[in-house]
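K.L.:
Single-letter residue listing:
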Amino acid sequence: MARAVRLSIDGMHCAGCVSKVETALISVPGVTNAVVNLAERSAMVEGDAEVSALIEAVRATGRDADEIKSDADEIKKEAAEMAHYRRLLMQAAAAALVGLPMFVAGMLDILPSLDSATGQIIWLALGIITLGVMLFSGRQFYVGAFKGLIHHSATMDTLIAMGTGTAWLYSMAISIWPDAVPEVGRHVYFEAALIIIALINLGQALEMRARGRTSEAIKRLIGLQAKTARVLRDGEEIDIPIKQVGLGETVRVRPGEKIPVDGVLLEGHSNVDESMLTGEPMPVAKQAGDEVVGGAINAAGTFLYKATRIGADTVLARIISMVHQAQSSKPKIGRLVDKVAGVFVPAVLIIAVLTFLVWFNFGPEPRISFALVTMMTVLIIACPCALGLATPMSIMVGVGKAAEYGILIRNGEALECAGKLSTIVLDKTGTLTLGKPQVTDVIAFEGSEDEILRLAASLEAGSEHPLAAAVLAAANEKGLQLASVEKFEAHAGRGIRGVVEDQSLFLGNAKLMQEQGIALNANVETRLGKLAESARTPILLAAGERLLGIVAVADPIREDSREAVSRLHGLGMKVVMLTGDNRHTANAVANKLGVDDVLAEVMPADKHAKVTELQAHGEIVGMVGDGINDAAALAQADVGFAIGAGTDVAMESADVTLMRSSPMGVASAIEISRATMGNIRQNLFGAFIYNTLGIPVAAGILYPVFALLLNPIIAGAAMAMSSVTVVSNANRLRLLKLGGRR
Amino acid sequence: MTLLVNLLGLALIAVIIWWFWLSESRAAKVVGRTSLTVLVNGGVYAPDRIEVATGQPVQLTFVRKDASPCAAQVVFTDLNLSFDLTTDKATEVNLPALNPGEYPFTCQMGMYRGLIKVT
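In order, the protein sequences belong to chains C and Y.
Numbering-wise, our numbering puts 597 at position 597 of the first sequence, and it's gapless, one number per residue.
With the second sequence counted from 1, adding 1000 to any position gets you our numbering.
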């Protein structure tokens, strides 16, 4: 999709330069338009060309260029927020400075009465001063209310403007025509209008501060990005801004430095701290050929690596983008609240008018005063903000908290659903186990163990089966010389055969042996049983009709799998293990882990059907897999968890991506989900109760029985604090402690 | 006097219902062009109703003039999209071709409200 890029151009002096730069930019493939501004020394380029290509094109003309982008925006944004925060505080102070002395003087009864002409003049003067301060301190409310009105929209500004406006108008009317109301009702509300404005401004400033803290997680992620990179160009190492690093460039990283972009290590080795990205607390050893990700910290050692992903394609950039989008998304409950918020303010306006009419018709004298004060209090106490803030603030903190643990939650709905899961289906290979099978036993019935391994590995050299890699690795580790294979044949689901050194060999499971008429005696059966009991997969090797030996392979269980299963049980989950392994091996692993049920011998294509089957039995299913082989099952599950350091497919398709390759993340995600949804419910309950109790009390429902009326100033304070309370409650989620280790 | 006040009160309620719930502001039509500037100021989006033809991608340029934190983000809930808006800066929002229907866009709290109507 076409986009616009702004570049700063250095080294431009005349119209001739403009033309050259424009021509260079337009000639870059993908550029649809380029306009150079000589006065600003900048260029606006439209199209879908890479920024680095644009910069190179400008450099080719003998000038330098750089993208004008995010850093400046971020600084500008923070500066604007700080200025707004200060302005709110100043507006609050100005209103309080005039309103509070008037309030205290009123309490001490030292202000003149409206009965005398002098008193009237003083009150009128105070009214005009009040108006000036109201316009200074509350201008945004009146402008917002007016603009909303002409757009058929009623917001919190409407309520504040109408509430304080009514107070001022009524007070001015009393000051001009005191005889219009009975003496007992001659009370002016200038101080109330000012103190309400002061409190609301103060509340908004506090809310702004608290809201800033809700986005700390994403700020931390943005802060992980390195500013510069040391690249090798023409045999020299030069420091350049990270934005100028090109694909395929060689980058040097020194000890303690941040890795600037993603890439593959070429030379050197090191331990890399990826904890901020994946939640993995231990530094990860890296050597030539290993992938490194931008934002991670090089703990020790210097290395060179080749940049393979830059800009918006890096893992970190995609994490930031995903977290950002997820933080703004809403669960179903939030969408419902949006609908309520949409009709809330007009409904309050109607309630305010009805309150006025009820007091005016049925209230005690002075009816007009009671009617106006209660109407004003209803307008002031109602707080649509608390309602509107309840969901997004909690989602923002919850999704951010998850990101801190290396858990990327796609959207609000996934977050909501994760807390409701009843069954977790864990794919065995790569999720509960390391996904890297290793040879554990070699049993020789004829010849030496090394000979058995050598023949098995020679046969496996032509196989693509996952277990083949383990056999080959073991042979390689022992330095065994493999022989060539002839007449290789694969028997799907059973094993392989081939001719090695003139011997016809079979390598596979017991079924293959039986098919070839190879008898398995009691001793072999016992051995096979023992291997299966200890979750090892036996591969039998036979020459002709003679059984030569057994090579046993096992995929080691992750060290934290058992603890993860136990945590899931603690959360009330039924834990099901899914695997293509035979039932004996699967049961052995299941027993070690303590899972509730095992679905063994499931072909990859059937995983999706198994999830559907569980759902048909009323289970709300979370499926945990690697995101590639399990894509269909992950999509079918109510929540799909992709495990394994954010592979491309996983990040794009899964509801939840676990950056750290550990099933512990599933339990953590569920705990965060439950805590966040609980927090949202608290917020919504608080906001709902506040409004449903506050509005009737403000309308004077307690007056007939208790002769109690709410002071509009108290209403203003309550309104200002309700939003702050919601945001502060959401911030409590930042302190959430999870059940297990990170 | 009492009757007059009551009638005025009831009339005011009728006006509130009609103005805020039953009538709508005029929609800006994005027909024959692919972009439109939306000003974010004083608690509202202007225009707040945008009509777009089915299957037509559209670029909305949001210009935030409102310093309130409420204006800091525009969220298209049904499209699962959100964008940060920086004060006094244009933010381009590229929307794909949409199916017929109504797609609201709001601030994070749902107080600033706008609607894209695809016909």
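Derived by calculation from the structure, the hints in this document are not laboratory data.
A couple of the hints might just be wrong.
Said to hold, decoys possible - Chain C side only, calculated, beta carbon under 10 Å to chain Y, not exhaustive:
| hint | residue |
| --- | --- |
| 1 | Ala80 |
| 2 | Gln204 |
| 3 | Pro384 |
| 4 | Gly388 |
As the list claims (entries may be wrong) - Looking from chain C toward chain Y, a few residues come up when the C-beta cut is under 7 Å (computed):
| hint | residue |
| --- | --- |
| 5 | His151 |
| 6 | Ser153 |
| 7 | Asp157 |
| 8 | Ser329 |
| 9 | Ile333 |
To be verified - To spell it out: a stretch of chain C is covered by chain Y in this simulated footprint if at least three of its residues, at any positions, have a beta carbon under 8 Å from a beta carbon of chain Y; those stretches are:
| hint | segment |
| --- | --- |
| 10 | 83–96 |
| 11 | 497–507 |
No residue lacks a Cβ here, since even glycine has one placed at the ideal position from N, Cα and C.
K.L.:
Checking against the hints above, which ones are violated?
P.N.:
9 and 11
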